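Chains as they are written, first to last, in the numbering used here: chain A, 1 to 154; chain B, 1 to 372; chain C, 1 to 295; chain D, 1 to 188.
Treat the hints with caution; some may be incorrect.
Away from chain D, derived, C-beta distances all over 10 angstroms, residues of chain C [stated by the list, open to error]:
#1 E21
#2 M95
#3 T124
#4 P144
#5 E236
#6 F240
#7 R252
#8 D262
#9 S269
Label-pair ranges, simulated between beta-carbon atoms [stated by the list, open to error]:
#10 B:D167 with A:F7: 32 to 38 angstroms
#11 B:R223 with C:K171: 35 to 41 angstroms
#12 B:Y219 with D:S107: 31 to 37 angstroms
#13 B:Y219 with C:V142: 27 to 33 angstroms
#14 B:D36 with C:V141: 33 to 39 angstroms
#15 D:G122 with C:T294: 40 to 46 angstroms
The hints are simulated quantities; they were obtained by calculation from the structure and are not laboratory data.
No experiment lies behind these values; they were computed from the predicted model shown.
Glycine is no exception: its CB is placed at the ideal position from the N, C-alpha and C atoms.
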Amino acid sequence: MNLPSGFPPRNLWSALLAQLPSDQVRSAASALDYEVVDITLPQSGLGLMHLHDSALNDGFYLGEIPVARAHVRVRCVDGQEAEGGAVLVDDRARLARAIAVLDAVLAARLPGWEAAAKLVAQGQAAQEQRAQTRRALLARTHVDFSLLGQEEDE
Amino acid sequence: MGYVAIKGGKAAIEGAAAATDMLRAGSEYAEPLVLDAIEGQLRLLVSRVVSEGGLYHPKLAALAIKQFQGDTLEAAFALRAYRSTKPRLLETPPQNTAHMRVIRRISSAFKDIPGGQMLGPTYDYALRLLDLGLVDENPEDFRAIARRFLADAPDSELPDSFPKVLDALRAEGLLPPLKPVAGAPFDITRQPLIFPVPRAAALATMARAETGSLLAIAYSNMRGYGDVHPTIAELRVGYVPVMLPHPVTGEPMEVGEVLMTECEVVAMFEGDEHGSRPTFTLGYGACFGHNEVKAISMAILDRALQKGMTDGATNPSEDPEFVLLHVDGVDSMGFASHYKMPHYVTFQSDMDRLRTTQTKTGNDTARQKDSV
Amino acid sequence: MNNTYELPLDEAGYAFGFMDEYAKKEVRRAILKAICIPGYQTPYASREMPMGRGFGTGGLQLTLSLVGADDTLKVIDQGSDDSVNAVNLRQFVQMTCPGVEVTEKTEAATLIQSRHRIPEKPLTEAQILVLQVPYPDALVVVEPSEARRKTMHGEADYSRLLVKLYEDIVKFDEITISHRYPTRIHGHYIIDPSPIPRWDVPKLHQSKALILLGAGREKKIYAVPPYTLAEPLAFEDVVFSVEDFRDALGNRRTCSRCGAADSFLDEFSDETGKKIYQCSDSAYCNERLASEKTA
Amino acid sequence: MTAMTDLTALSIWQAHTQQRLFRRLLEAFAYPGRLLDAADSGTTARLAILATLLDGEVDLADPHGLIAPEDGLRLMTSAAAPEQARFVVADAARAPDFTPTQGSLESPEFGATLLLEVEQLGTGSPLLLTGPGIAAQTRLAVQGLHPEWIARRADWVSAYPLGVDIILCDATHFAALPRTTQIIREAL
Numbered sequence: 001m002n003l004p005s006g007f008p009p010r011n012l013w014s015a016l017l018a019q020l021p022s023d024q025v026r027s028a029a030s031a032l033d034y035e036v037v038d039i040t041l042p043q044s045g046l047g048l049m050h051l052h053d054s055a056l057n058d059g060f061y062l063g064e065i066p067v068a069r070a071h072v073r074v075r076c077v078d079g080q081e082a083e084g085g086a087v088l089v090d091d092r093a094r095l096a097r098a099i100a101v102l103d104a105v106l107a108a109r110l111p112g113w114e115a116a117a118k119l120v121a122q123g124q125a126a127q128e129q130r131a132q133t134r135r136a137l138l139a140r141t142h143v144d145f146s147l148l149g150q151e152e153d154e
Numbered sequence: 001m002g003y004v005a006i007k008g009g010k011a012a013i014e015g016a017a018a019a020t021d022m023l024r025a026g027s028e029y030a031e032p033l034v035l036d037a038i039e040g041q042l043r044l045l046v047s048r049v050v051s052e053g054g055l056y057h058p059k060l061a062a063l064a065i066k067q068f069q070g071d072t073l074e075a076a077f078a079l080r081a082y083r084s085t086k087p088r089l090l091e092t093p094p095q096n097t098a099h100m101r102v103i104r105r106i107s108s109a110f111k112d113i114p115g116g117q118m119l120g121p122t123y124d125y126a127l128r129l130l131d132l133g134l135v136d137e138n139p140e141d142f143r144a145i146a147r148r149f150l151a152d153a154p155d156s157e158l159p160d161s162f163p164k165v166l167d168a169l170r171a172e173g174l175l176p177p178l179k180p181v182a183g184a185p186f187d188i189t190r191q192p193l194i195f196p197v198p199r200a201a202a203l204a205t206m207a208r209a210e211t212g213s214l215l216a217i218a219y220s221n222m223r224g225y226g227d228v229h230p231t232i233a234e235l236r237v238g239y240v241p242v243m244l245p246h247p248v249t250g251e252p253m254e255v256g257e258v259l260m261t262e263c264e265v266v267a268m269f270e271g272d273e274h275g276s277r278p279t280f281t282l283g284y285g286a287c288f289g290h291n292e293v294k295a296i297s298m299a300i301l302d303r304a305l306q307k308g309m310t311d312g313a314t315n316p317s318e319d320p321e322f323v324l325l326h327v328d329g330v331d332s333m334g335f336a337s338h339y340k341m342p343h344y345v346t347f348q349s350d351m352d353r354l355r356t357t358q359t360k361t362g363n364d365t366a367r368q369k370d371s372v
Numbered sequence: 001m002n003n004t005y006e007l008p009l010d011e012a013g014y015a016f017g018f019m020d021e022y023a024k025k026e027v028r029r030a031i032l033k034a035i036c037i038p039g040y041q042t043p044y045a046s047r048e049m050p051m052g053r054g055f056g057t058g059g060l061q062l063t064l065s066l067v068g069a070d071d072t073l074k075v076i077d078q079g080s081d082d083s084v085n086a087v088n089l090r091q092f093v094q095m096t097c098p099g100v101e102v103t104e105k106t107e108a109a110t111l112i113q114s115r116h117r118i119p120e121k122p123l124t125e126a127q128i129l130v131l132q133v134p135y136p137d138a139l140v141v142v143e144p145s146e147a148r149r150k151t152m153h154g155e156a157d158y159s160r161l162l163v164k165l166y167e168d169i170v171k172f173d174e175i176t177i178s179h180r181y182p183t184r185i186h187g188h189y190i191i192d193p194s195p196i197p198r199w200d201v202p203k204l205h206q207s208k209a210l211i212l213l214g215a216g217r218e219k220k221i222y223a224v225p226p227y228t229l230a231e232p233l234a235f236e237d238v239v240f241s242v243e244d245f246r247d248a249l250g251n252r253r254t255c256s257r258c259g260a261a262d263s264f265l266d267e268f269s270d271e272t273g274k275k276i277y278q279c280s281d282s283a284y285c286n287e288r289l290a291s292e293k294t295a
Numbered sequence: 001m002t003a004m005t006d007l008t009a010l011s012i013w014q015a016h017t018q019q020r021l022f023r024r025l026l027e028a029f030a031y032p033g034r035l036l037d038a039a040d041s042g043t044t045a046r047l048a049i050l051a052t053l054l055d056g057e058v059d060l061a062d063p064h065g066l067i068a069p070e071d072g073l074r075l076m077t078s079a080a081a082p083e084q085a086r087f088v089v090a091d092a093a094r095a096p097d098f099t100p101t102q103g104s105l106e107s108p109e110f111g112a113t114l115l116l117e118v119e120q121l122g123t124g125s126p127l128l129l130t131g132p133g134i135a136a137q138t139r140l141a142v143q144g145l146h147p148e149w150i151a152r153r154a155d156w157v158s159a160y161p162l163g164v165d166i167i168l169c170d171a172t173h174f175a176a177l178p179r180t181t182q183i184i185r186e187a188l
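Could you build the full structure based on these sequences and the hints that come with them?
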């Protein structure tokens with residue numbers, strides 16, 4: 001089995017899964033019957049957000065963002081193993097751990113990966129809906145200067 | 001009696017908390033505020049709190065607004081205190097605002113900016129007439145607003161992100177060149193501000209400054225205590241995707257997005273002392289959330305401070321120490337509030353000094369009176 | 001879309017001492033340097049505490065960085081354990097530092113956080129006094145720029161401060177500083193000893209206990225180590241004097257509760273408008289009352 | 001179950017152990033020359049002191065290679081030359097072969113903290129100490145401190161408020177010599 005073409009790459013999975021209600025993600029992760037070992041402890045804390053100012057290119061910190069992260073190894077009954085990870089702008093370390101489990105399962109196509117893929121696809125749909133709203137904000141407020149110019153000429 | 005005022009403090013403190021909560025509830029017919037409503041319908045208030053609190057956490061900001069009954073200073077303060085309990089896990093690599101998923105983008109320097117101008121959600125051209133239609137909104141109509149908006153939106157092939165206006169000006173040689181990337185920036189949450197401080201410290205301080213304080217000092221520069229005379233090259237609002245390395249692959253992955261406002265102003269040109277080609281000068285403002293007045297004020301002050309740092313300050317808005325030590329809302333409100341605390345001992349001491357001094361000068365005055 | 005509002009309850013709860021451990025370490029390093037350079041305002045990255053800047057956040061960060069489960073803590077404000085701010089700070093420490101004992105008895109405390117007073121009862125080597133400081137820099141009245149003040153402090157150049165004091169004397173025939181009396185530590189740095197009355201300034205001199213001062217808003221920590229010279233500024237002809245509690249006839253006023261004639265007194269008016277005086281240090285007053293009863 | 005486990009097994013990496021040790025360090029600095037005990041920290045006084053004071057925000061110089069690599073990782077400090085580092089750990093039996101930073105008039109707190117490991121504290125040639133924190137004078141007996149340290153220190157602290165602050169430790173004990181302490185080396 002393969003993922004459909006156009007399926008989002010791994011570096012988007014965390015963000016897309018985080019779009020969904022968290023209990024849906026958690027129950028999907030716990031439904032997978034794997035042994036989960038924390039490679040580093042799931043943590044929640046803060047991250048400094050580093051920007052380069054676009055005027056002169058000086059680096060500076062805009063402020064802090066919540067960060068939750070997890071790095072796990074999952075092992076099936078048959079001995080198959082895979083590593084998964086998640087980092088979120090969020091403060092729920094357990095949610096990050098659940099996403100890390102799904103990340104491992106999906107990346108290695110371990111048994112049950114289809115459920116994870118389905119969730120990622122759902123997250124992508126939610127994301128697309130959000131992007132559409134933003135495009136509408138732009139499309140309805142686009143200033144048409146060529147029209148203004150013609151009026152001025154008349 | 002003085003003693004009565006400070007004795008029994010414990011009961012009074014508990015009573016004050018209950019009294020505050022009672023007024024929050026109002027009456028038994030009141031409905032509690034739902035946090036989703038605060039986050040959505042009071043989004044500009046949430047924006048102030050996340051930026052002044054220095055922590056991009058709109059959900060906790062909404063909670064703080066509810067808990068502190070709409071006081072932005074108190075709400076920002078609660079976010080700051082929350083920060084003190086959390087370990088610093090990481091520092092992001094530099095994020096790129098050119099990837100911002102824009103919802104608003106304007107320029108007052110050019111009308112025809114590459115990608116076009118999009119007003120987005122703004123009150124700039126709104127008539128400040130009270131809309132009596134909002135007094136008693138029908139929930140069904142309210143819910144239909146978003147649906148109708150999306151249905152009326154024209155199909156568009158607009159991209160999510162846009163090039164920066166400054167890049168075009170830079171390509172024409174009108175702007176100073178970009179500086180080479182330096183080391184780790186100044187971290188105002190860890191390093192005390194000991195002057196002189198680098199520009200990174202000024203930008204970080206202003207990014208979490210109190211909006212009104214920043215505006216007031218920037219306004220002094222606009223009105224004449226300064227000469228920045230800015231033109232807004234670009235003002236943009238949107239969501240910046242935050243990229244961090246994936247724990248397994250190490251590849252950059254998107255971990256979420258942050259709503260922010262960014263403003264670049266172009267100011268009077270100057271040449272350097274070596275007689276090189278003169279270019280425009282620039283100011284930069286940015287903050288969490290949607291807060292245009294703050295981003296513009298910061299951009300003006302950034303330019304004013306750059307001038308003060310190189311040529312010496314001739315106005316308050318050009319003096320880094322004056323500006324940066326007085327714009328923090330949490331610091332300044334704490335100081336103003338602390339005057340409400342008991343000062344019985346120091347006042348007793350003040351009275352002692354005044355009486356002693358009065359006795360000395362009073363004896364002189366009494367003698368003068370006697371002689372009249 | 002995720003419309004359900006969910007807070008990270010699984011991560012809730014505060015660690016011992018509220019602040020994260022790195023923050024405490026930084027405060028601790030600053031404390032040690034402050035002791036090594038008596039009276040020098042050591043900068044540190046002050047964290048936000050859940051109470052207002054100016055309500056003792058500098059003192060509180062010191063206390064939270066020092067306190068352990070085997071400490072006994074006393075918190076006072078204006079000399080009183082019952083003052084609203086003292087109650088508030090004490091409750092916060094109790095909430096975030098389980099196991100810490102609290103006391104009102106000065107001699108029972110291992111750690112005392114105070115605003116505006118030093119207890120009347122002499123402190124011992126087994127105690128640490130933490131004072132809350134609103135304005136750490138005695139030079140701010142003559143020099144607004146911190147950069148220039150730092151140079152003046154380093155060079156122990158206090159001529160402008162002395163001129164200011166002297167102008168006072170010329171004008172009023174008295175030094176009019178009532179509290180926050182500039183005090184020279186170990187013959188070099190002049191400190192603002194926090195808004196303690198002049199009455200308490202001599203207690204800094206050769207104190208048996210370590211005295212730490214914390215200014216949260218101004219992000220400074222400084223110290224008066226034990227057995228250290230602490231000299232209030234004065235001139236040969238105009239000496240430093242503490243508050244005068246004598247009445248018109250020259251008799252020392254006494255506390256209307258416990259009768260003490262050796263304590264700093266608060267002044268009140270009773271219903272008839274008559275002035276009455278009571279000890280500002282409530283623990284001192286209570287102890288005298290109690291021993292009177294048993295006697 | 002996690003990579004963190006072996007870190008927490010050693011009690012010096014736990015917050016409450018560090019709090020306790022810090023209070024003793026505080027006592028040592030407040031009362032120079034006083035001998036304090038670090039025996040209950042589960043490791044050497046040297047590592048206990050470093051673990052209590054250091055983290056990723058400061059740098060450490062270890063010119064004599066006293067710190068085991070795995071402990072160096074846990075301390076999270078960045079390495080620096082002994083002439084620049086905020087903290088320097090050194091073997092006191094050797095004569096000083098570097099000049100630590102003494103801070104500046106404006107920022108004397110940048111003067112280094114030296115942790116000097118001696119053979120034994122409490123025995124050996126006594127140092128007579130006076131200065132802040134000492135009621136009149138006190139004695140600290142030290143064995144295995146190269147005499148050159150005392151001479152060089154006198155130079156380093158001669159331009160107060162500039163200076164360096166020293167912690168002496170043996171396997172289990174420590175004592176502090178802030179820059180304000182005057183040392184008179186007594187003949188035995």
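request  = Compare the structure with the hints numbered earlier in the document and write down the numbers of the violated ones, lowest to highest.
outcome  = As far as the earlier hints go, 1, 14 are violated by this structure, in ascending order.
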